[in-house]
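If you read the protein sequences in the order shown, they are chains F, A, E and R. Going by our numbering, the letters in the first sequence line up with residues 78 to 489, in that order. Going by our numbering, the letters in the second sequence line up with residues 61 to 299, in that order. Going by our numbering, the letters in the third sequence line up with residues 5 to 294, in that order. Going by our numbering, the letters in the fourth sequence line up with residues 83 to 417, in that order.
Since the hints were made in silico from the structure, they are not lab data. Glycine is no exception: its CB is placed at the ideal position from the N, C-alpha and C atoms. Certain hints may be false.
Selected chain A positions facing chain R (in silico; Cβ < 10 Å) [unchecked claim]:
(1) Asp121
(2) Ile125
(3) Thr129
(4) Arg140
(5) Leu148
(6) Arg164
(7) Thr211
What follows is each chain in one-letter form.
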Amino acid sequence: MTESKFYSTTRRNLLMAGASGLIGSGLPMPAVLRAQTSALKVGVILPLSGVLSFPGIATQRGTDLAVRMFGDEGVKLEVSYADTESKPENGRLAAEKLIRDGATILIGAWDSGATISAAQAAEAAKVPLVVNVGSAPQITEQGFTQLFRNFPPSSEIVAKGVALFKDLPRGNGFDPKSAVVLHVNDTFGQATGGAVKAVFEKLGLGINILDVISYDARARDLSIEVAKAKATGADLVLPITRVNDAILIVREMIKQDYNPMAIYGPSSPGPYEKAFTDALGKFADEYMTSVPWYDPTTEIAKKVLARWAKDQPNDRFELNSGFGWESIQVVADAFTRAKSTKSEDLHAALKATNIKDHPMAGGPIAFDAKGQNTNIAIPLLQNQKGAPVVIAPAAAAGAKVKLPMTKWADRA
Amino acid sequence: MLQIESLTKRFSGLVAVNDVSFSAAKGSITALIGPNGAGKTTCFNMIAGATAPSNGRVMFDRHDITQLTPEKRCDLGLSRTFQIMRPLAGMSVLDNVMVGALLRTTSLSVARDEAREILASVGMTSAADRSAASLTLPDRKMLELAKALATKPQLLMLDEVMAGLRAQEAERIVAVLQTLRASGTTILLIEHVMRIVMSLAEKIIVLQQGEKIADGSPPDVVRNPRVIESYLGRKGAAA
Amino acid sequence: MIELYAGVAINGLMIGAVYALVATGLNLIFGVMRVVNFAHGEIVVGGMYIGYGAWALLGLPTSVSVALAAIVMFGFGYCFQRLIGNQFANRPQHAQFVLYISLALIITGGLAMAFGPDPRSIQSAASFSVYKIGSLRVDATRLQAALSAAGVILALWLWLRFSLTGKALQAASQNIIGGRAIGIRIDHVFAIATGIGFACAGIAGALIAPLYDTTPYLSADFTLIAFIIVIVGGLASLPGAMLGGLIIGLVEGLAAILFDPSAKSLLSYGLLIAILLFRPMGLLGKRRAL
Amino acid sequence: MSGSTTTRRQVALGSIFLLILLLLPLVVDGYYQTMLTTIFITALVGIAWNLMMGFAGQLSLGHALYFGIGAYVVALMAERYGLSPWLGFPVGFLVTSGLGLVVGFLGFRFGVKGVYFALLTIAFAEFARLLFEHWDYVGKTGGLFLGSVKPDNRSLITLRGSATFYYYAVLATTLFAWLWCGYLVRSRLGYFWRAVRDDEDAARALGVRAFRVNLLAAGISAGITGIAGGWFALMNGNLFPESVLGMRVSIDFIIAPIVGGLGTLCGPILGALIVVPLNEIAKEAGQALGLNGLNILLYGTLLFIVIVAAPDGCWPWLANRLALAGRSSSKPDGP
């Protein structure tokens, strides 16, 4: 191990010396000055193809927007992407490729498996890895020293979200006594589904979880799952989904005329997506989720949203693009303070991160000993009139919650 | 050496071999003859273990081998050739013969030497390194024989090895068989070339429509009226 | 609870009928040529994209896109077999396998490049329509798909039984050499069989396009399920494919209720293993084909 | 010239090739080292699979079963019980070769052959995947994660470490497996395998115990694949049922030996050297052009070209070019 590190560092030094020598001979600029003004090479690992490419590309849009915005402010970032093809095991190779290409800081990898895979390479090369999205609790439990996660673990999202849900006013036909969990059976869905059951019991909502139904991540037909949920007669449906399965579930609920008091996906990405509201129209309304979200009241969020509306008029700024944006903000901030493109300097700067103005809701971005940002707020969202709005906590709420849900048949 | 008792094979209602019994003495050459479809090859397959009999027993060296697999029978010293030749097409001629020789030895070099010797005895030394798939028909026949010989059989079963060969090539095989008999190997043949059968075999068994109609020395069989009527009657000119 | 079981059973049978059509195509190709089309699921997905494309670009209804998918996939299958497949008729199994795997990858890659990875779904008022039978609610689109699939299978069966080409196909499936001896143009017959096999898959794809969101990466599941059905029902047996489809639809539905929906295929694979070991000719198959 | 002798030229070229591989980490960085390690793993599984398909003639489409179980055994022992992979690998080998024997036993015992055997192997692999996706002990779909490598890590004990460490470790494993398979193929057993592959009935008539010989091929092939899985687990640090037991894994692994040349010792290595970088290049090109799926298309096209234009794979052709001259593709060749 020591030996190999010796080889790789020597080699990198050799390469850099060679490169600067080359530049030095060709340009009348001192190598030192050149190094100071050179752009920071950032490597971003995302699932840009395969089954996760949908959120992966959304994250990329946010990342690109931030690069443009910080570039306008004079922060020179040179971003290159590596695709994991939605395969977790490709994270490592992607990370190593980016490091080879000169990236001294990494961002990634949207999906938890690929993130841990990439973290192994980052750890070995001592290159910091800023996690943009990735909610598996294990990510920060492996003892990685180079990892910084600006995204909450799923258990925390669920706990904070359900706590808000608990305080929603009851009455007027909304008084749920029972619930059924429907979750996608992949890494994320399984962890979250388990957390939901635990949190509901722990917080004492007085809501009985009747069944936890898991469905295959590749399932194209959820009619049986919904029939099974309907047969429990639960007042609440708690779907842990991505975007397409959420659409399938709602469509099936309409067909089977299943009208629970509420549909609420704690830590469920998807239902706030444009694809969801476009696909379901009026049937998308009143669906609730709790996920990290931007705080539309802040100046920086308004600025980001304005620029987004200009650059990406056909897409919705949401969780993935938001954290994609913030991942660049974290890197740009560390780069500005470190005034260096060296991994170790960036690492030291990241450790001292304290960003107060950032678009996603919550306290300042800062990382604890495990590299976790614990200050991310989780609002409760509800789709209203074809778009998600914050309905809790009250301070950030953009609209009032509408419960119980309107029956499907009455949504003419 | 070999004793067949009431061997019967039914294929979904059709009786291919019906209650056939005969025996072959050690060191003798026995020929199984009969018109096409008489059940010779089926009989052969049951003795070699490739087909399970519906009824009857196969005794080899006073052991009942009716339930044994083909490879076990070969291990006991019972080796056969196939009527439709089955060279191991992906391997060289030498390797083909070595597979047989490796039954009796774990040493590759011993097996290789033995294989070369056997190839020499059937006159195929020059073809040793060729691919088995590239052989001509006579050579394939020779290879079938060589493979079977390599397993050092006590009982050698040959299914029409001489069919389609020119006289000169057939003579070569006859010579090999005579040497084998001299060394004490028992041989069971299926053969159409009556000239060879008559000159080689001590005993001839005649099958017709799955039933044995004659069993005896060549002169006896030739004189048997049923044989003359049903079989030699039409092909007598060839004999 | 009875309502749940009845609903799921009906649902399973309906989707099973569509699966049966997919499997019928696979079965026909195998029955005639003894090759296993590992790209079958990709053809289904191709059919789905035809259904989607016809709806999204031209606003065509499913009935029209089904015909379109049938024609396109038949043509594709016929040409593929004439140009490439026939050269592989006597090649070893692994070579055939690699050929179809490469075809599968080319189709998947091509579709991903053409349509992107995002799921495409057909949405219309009909997406939500149901037939109410007592307290049961039967999805209208699904029922139409099931009935159409059953109709296609029946028509195909009649055609094989009574038409001259159909009889030639059957002769070829029983004895290739014999078929050639009585003057059947084997190359042409093989191409027809592949064409029909692909057309079955394409039709099934167009039929389920309104039910499932289409992505390029769905295909492996379709291929596997078609295999299971063919093995369970019996190779080279059309009624077997129908029976197999219905059984698998039913089994997966019931497994989803009894265990976990995400584990429902466990039972299908268990069934496949049991059939392979104990009744390799399948439930309605008569002979071992290989 | 006989099938089982190694010519001096073969030894010389092989040694040069090995020397290049040994020195390569001095000049290439972590990315290429990992890429090469992936190539070695692909070659390792290819060698194992080829033993079963190319030499013994059994088409398995479910080698992910052994790869995944091997990976899980090594990872579970290391992560749950803190046991060194030095113990994990032998256990993994025993477990996976045992599984290979079970699948083989069921298949051969019940006379399941050809396409049916292939489907049986798929069914077992998919069954295992679904089982693992619902089995708490192995972490279900949540996956199984290895902790990060500690700063005081000693690679020779934990068998974990830098890209360079894995490079040499997997290279050594692959070389060892290659030599072992080369030995086996040229041994008495190897003759029996090829005999059974060419014609099982004819081989049995020559006294070859086809059942036992087939089982041995299945067991050894599965065991080696399990070892490859173990390295994958240590190197990658995370395991998911889908990513090690999935159908895609089985398919990916058999492409290399087919492209390289079935029934040759060097085919799987050559195939891996072609297939893995090609996939990587196609992926990058697809990304640069914004064409989702380009890599899959190119991958498919390559396979198509190979199977139509060079059905015996690339190795026999290359061997001729290098004057390593195999008489027939089934003959074991030098490196």
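Results of checking the hints against the structure:
no.: 1; hint: Asp121; verdict: 16 Å, violated
no.: 2; hint: Ile125; verdict: 14 Å, violated
no.: 3; hint: Thr129; verdict: 7 Å, holds
no.: 4; hint: Arg140; verdict: 6 Å, holds
no.: 5; hint: Leu148; verdict: 4 Å, holds
no.: 6; hint: Arg164; verdict: 8 Å, holds
no.: 7; hint: Thr211; verdict: 5 Å, holds
Violated hints, in rising order: 1, 2; the structure is consistent with all others.
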